[in-house]
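Please construct the entire structure, taking both the sequences and the accompanying hints into account.
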Amino acid sequence: MSNLHKFAAATDRGLVRQDNQDAYRISSDPESGVICLVVADGVGGHKHGELASGMVVDYFMERVGMILDTEDYPTEEEWLYFLRDTMEKANTKVWIRSKTDPDLEGMCTTMTTGLIVGNRLIIGHIGDCRVFLERENRLFQLTQDHTYAHELLREGVISQDEISEHAGRHQLTRALGVPEYMNIDLITEDLYDGDRLLFCTDGLYGYTSAQELHAILTSGRNPEAIARRMIEAANLNGGWDNVTAIVGLLNFKEDSRR
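Residue 143 in numbering that gives the first Met the number 0 sits at position 144 of the sequence shown; the count goes up by one each step and never skips.
One or more of the hints may lead you astray.
[Claimed, not checked] Here are the simulated distance ranges between beta carbons:
#	residue 1	residue 2	range
1	GLU76	GLN143	19 to 27 Å
2	THR187	ASP28	16 to 24 Å
3	GLN210	ASP84	35 to 43 Å
4	THR187	ASP68	17 to 25 Å
5	GLU104	GLY193	41 to 49 Å
6	ARG83	GLN170	31 to 39 Å
7	ASP84	GLY32	16 to 24 Å
8	ASP102	PRO29	36 to 44 Å
9	LYS98	ASP192	44 to 52 Å
10	GLN143	ASP57	33 to 41 Å
11	GLU104	GLU70	37 to 45 Å
12	ILE95	LEU235	36 to 44 Å
13	HIS169	ILE95	22 to 30 Å
What the hints contain is simulated information worked out from the structure, not anything from laboratory work.
Yeah, the Cβ is synthetic: ideal placement off N, Cα and C, and Gly gets one too.
Structure below.
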């Protein structure tokens, strides 16, 4: 990682599931200073979701590595194109792989990627993993969930209060591993000294309130300990799903005390 920024992650299969179908990676390029983050939540039968999420995460990191091996670093516009292109190709790879074995039919995965380039965060997103930004004691959700219930919420059909009980709250409307084109959300955000980031799967936010997430995310200056506390909170609340948390504490100046 950067000498100033601190990142760590934790993952757990939870207390109910037999397998962990989440996947994640964190890496930092010492030459360019670019930090790469990715989290994915696989969907499918026994082990199939694990295969799908692992495939897209490995593919993303492989392609990022190829870009950073060159001395001609991309502009922000080129990074946005790269994220869209990589996620579209990852979609095709998962779909083709699912057709090679009848047992893999229907496997797919969510995927949320982040690149920190200087003081900019560049996100590629499909599915229902989330990115949260904590700044000046406020917690912001930077991504939108691609689920049936949240589509209804955005259309004004249901209210925010109805989401937690709606039958479609876990029904994905977009994922990687399908034959048709899937629209990918591209998001950019300025970053400032003292900001904190959380990339997570629905196994965390689905069983932990926003207030509790905020409290844990701001509890100290050790991202590894914070990520572990995230996992513990989800499991204390039932541990019904796999859970993954990537935590980042951003420091753009050495004398930051936050």
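Now the hints, each set against the structure:
no., hint, result
1, GLU76 x GLN143: 19 to 27 Å, "holds, 22 Å"
2, THR187 x ASP28: 16 to 24 Å, "holds, 19 Å"
3, GLN210 x ASP84: 35 to 43 Å, "holds, 38 Å"
4, THR187 x ASP68: 17 to 25 Å, "holds, 24 Å"
5, GLU104 x GLY193: 41 to 49 Å, "holds, 47 Å"
6, ARG83 x GLN170: 31 to 39 Å, "violated, 24 Å"
7, ASP84 x GLY32: 16 to 24 Å, "holds, 23 Å"
8, ASP102 x PRO29: 36 to 44 Å, "holds, 42 Å"
9, LYS98 x ASP192: 44 to 52 Å, "holds, 48 Å"
10, GLN143 x ASP57: 33 to 41 Å, "violated, 26 Å"
11, GLU104 x GLU70: 37 to 45 Å, "holds, 44 Å"
12, ILE95 x LEU235: 36 to 44 Å, "holds, 40 Å"
13, HIS169 x ILE95: 22 to 30 Å, "holds, 26 Å"
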